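Peer 1: Each chain, written out:
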Amino acid sequence: MRFGLSEDQKMLGDMLNKYLESNLDLEGVRELTGNDVHHSPAIWNALAEQGALGILVPEEFGGSGLGMLHAEVVSETLGRHIVPASYLGHAVLAPLAIQHAGSEQQKEKLLPEIASGEVIYGIALTDVVMNRENTQLSISGGKVTGDSTFLIGGQAAEKLILATAGTLILVEKSAPGVTVETLTTVDKTRDFAVVRLKDAPCEILGKEGGATDAIETVMNAGRINLAADTLGAAQAMFNQAVEYARVREQFDRPIGSFQSIKHILAELITELEPSRSLIWYAAHAFDEVPEEATAMACHAKAHVSEVAKNITRATTEMHGGMGFTDLLGLHFWFKRIEVNRQLLGGPEITRHHAAVAQGWAPEKITAA
Amino acid sequence: MELEFGPEYDEFRAEVRNFCNTLGKKTQHGSIRLGEYRPTQEMVEWQATLIEHGYAARTIPKEYGGFGAKPDIVKSLIISEEFVRSGTRGGIQNQGISMLVPTLLEVGTEEQKKKYIRATIYGDIVWCQGYSEPGSGSDLASLKTKGVVDGDNFVVNGQKVWTSSAQFSDMCFILVRTEPDAAKHHGISYLLMDMEDPGIEIRPLVTMTGEAFFNEMFLNDVKIPVDSIVGKRGEGWRIANVTLKYERGMIANPGASASGIRGVADMMHEETLSGVRAIDLPVYRDRLLKLQARSLANKYHGLRLLSNDINKESTGVEGLIVKLSATYLSYDIYSLAVDVMGEFGTLYDGSVYQRKKDWMRQYISSFMGIIGGGTAQIQKNVISERGLGLPREPLVKLDKSGWELLRKK
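Respectively, the protein sequence lines represent chains A and B.
Be aware that the first sequence starts at 1, since it is given in my numbering, and climbs by one per residue.
Be aware that the second sequence starts at 1001, since it is given in my numbering, and climbs by one per residue.
Please keep in mind that the hints were generated in silico from the structure rather than gathered at the bench.
Values in this document were obtained by computation on a predicted structure and should not be read as measured data.
Idealized CB from N, CA, C, for every residue including glycine.
Warning: the hint list may mix true and false statements.
Said to hold, decoys possible - To give an idea of the interface, some chain A residues facing chain B are shown, with a C-beta separation under 8 Å as derived from the structure:
hint: 1; residue: F3
hint: 2; residue: K207
hint: 3; residue: Q250
hint: 4; residue: L265
hint: 5; residue: T270
hint: 6; residue: A355
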């Protein structure tokens, strides 16, 4: 019996971590994001070389056909280093969408280019989770019209997968009638966009209306990997706060010797470590325990979002005035965690889905 | 991730399951609660059956009356899982079995092991623990109950508190200051006291639940033979820490909250507010879901720690957080139950309209876990100092004038 990461998974994390430690420090992140670059070809190539982009693509289509825990390790490491890269959209959500909704021909054609990273994919799911702007996509005769919000990774993407009730479609960004407009969020380490379509040529993945289960699977993968990204980012903030508490002196003593500080850190780690265990299990359930997959993915995401929010608050406070400055840079992690929290459904909505999955709540959210 | 234990353990599970199905006695509702009464004849007999099959005193060597199996954490887990799953009654649980016996096995003399272990695990000798004092709780090593050698005996005077089971115990393992001139942690001895001594007075200590699980124990010229000592004079603190290790393991069961969640979820499906089931009210349901996530996190965290143990991987800070996390969660679960019940959640002592499941009592009782065996605040010191490597609070002893200066400010 082994509950936890395999040697193989640990090695993947260590390798990626080493690469990022020597190739992307905070100044590097500042430089990229300061110039509005959310996709660094250097980092993208490194991810491709380490096989990170093809983790969820089956071997027959050029990937390594590994499981969700491998993907979790990558997401956690990217979160820890606040990496500007649309790993989530391209390497987690898009391949699963194609794998579970697409036809054999689509898989053969599209999955290899995802695994190699040659063609970059973006994906928009938000409008099927919680539609705020009454957006909709009308598909007819191979053409699509309408808007799709919160495309993940719009800047570099060349192909876009868009979700509408029960259906997933593929659109080329360069096609006529496709406009991608940046959505500026508080988190500068990743980019989002709204896709506006007017009679744009599109391809349905599989059959129209046949992607309901695929969308749920893709959503669960998104929840798990957002949870992992948050976990890595929260651990990074926590580690910085512990280090600061050890070295920062006031009243002639390290502030970490004050119980007002050390007890808060004890409370935070008491919440953070079990949430790591929950995320690991959610990733395991995604691959091996399908009947628990949705509830576990939802719980993992909602729970770590709450735990990480406590960490963002307390570690920012603990750094005093410095915590509020741009100079220290703690805010990069703070903002990434905040966007992860809301992406694909905030904690309340996500918990609602966990309740639905257990038969504790009706599926539809209706006005009282 | 490999969650199977392997064929050897599947076989063992089948064996335990078969025992539960054929010979197993069912749990009686609320039958065995720590510190309520001496084991009945029926419990003593059941205990003997369990030891014979290796489901109690499993790793105690045969020569001291145990089953003599090699320690195997997975088998212990399987036994506990199968007993809970089938509702089979467990063995006798008390502080003698869980704390004194492991301590004697580790540091007792051969004579002490022979004299006490068999009788304790079979329920013939019941022990209580004489550690805490009114002035020595979190700072246990400051204890003042003193023992002075007079001939063949320590003559002991002082007061102990939180001594559960003292009113019906035969013996007490007790910490006594026998070396008044030694440093705080080096002046304590670990003694075995006969509760028959006329100098012992027991007074029940009623807690906020209205019950008296605990006692105060007053010691007035109590005589303890000098050879009734575990280890050497002045070593009591070290030996007590051997025992405390076992107590922490007893209180912290990371999977225990799952049944609490199930209980509250079931109740929320039955209880109605103006005709609407509590589970259908999102305000309550969201709180339940939040707690379910914490409970699941603790459950899988427990598996992770078990896995570290089985695979001989080191466990750092993640092992120190279990008690704090589990006991606060338990508090929050029963807190929700009382809130869902509203006014009816405050009904107590078998009042009309009170439900069979006594949520208020469970809610109040959850403080026993938070405080007992090292308060939440002490746990936070342990986690941050031992787990995160943060510096200790400086230990500065202020004399009288120092304190007066502080107060004037």
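Peer 1: So, for every hint listed, does it hold in this structure?
Peer 2: Here is how each hint holds up against the structure:
1. F3: Holds, because the Cβ-Cβ distance from A:F3 to chain B comes to roughly 4 Å (cut-off 8 Å).
2. K207: violated (34 Å)
3. Q250: violated (13 Å)
4. L265: holds (5 Å)
5. T270: Holds: closest Cβ of chain B sits about 4 Å from A:T270, inside 8 Å.
6. A355: With a closest approach of 6 Å, the A:A355 hint holds.
In summary, the structure is inconsistent with hints 2, 3 from the numbered list given earlier, while agreeing with the others.
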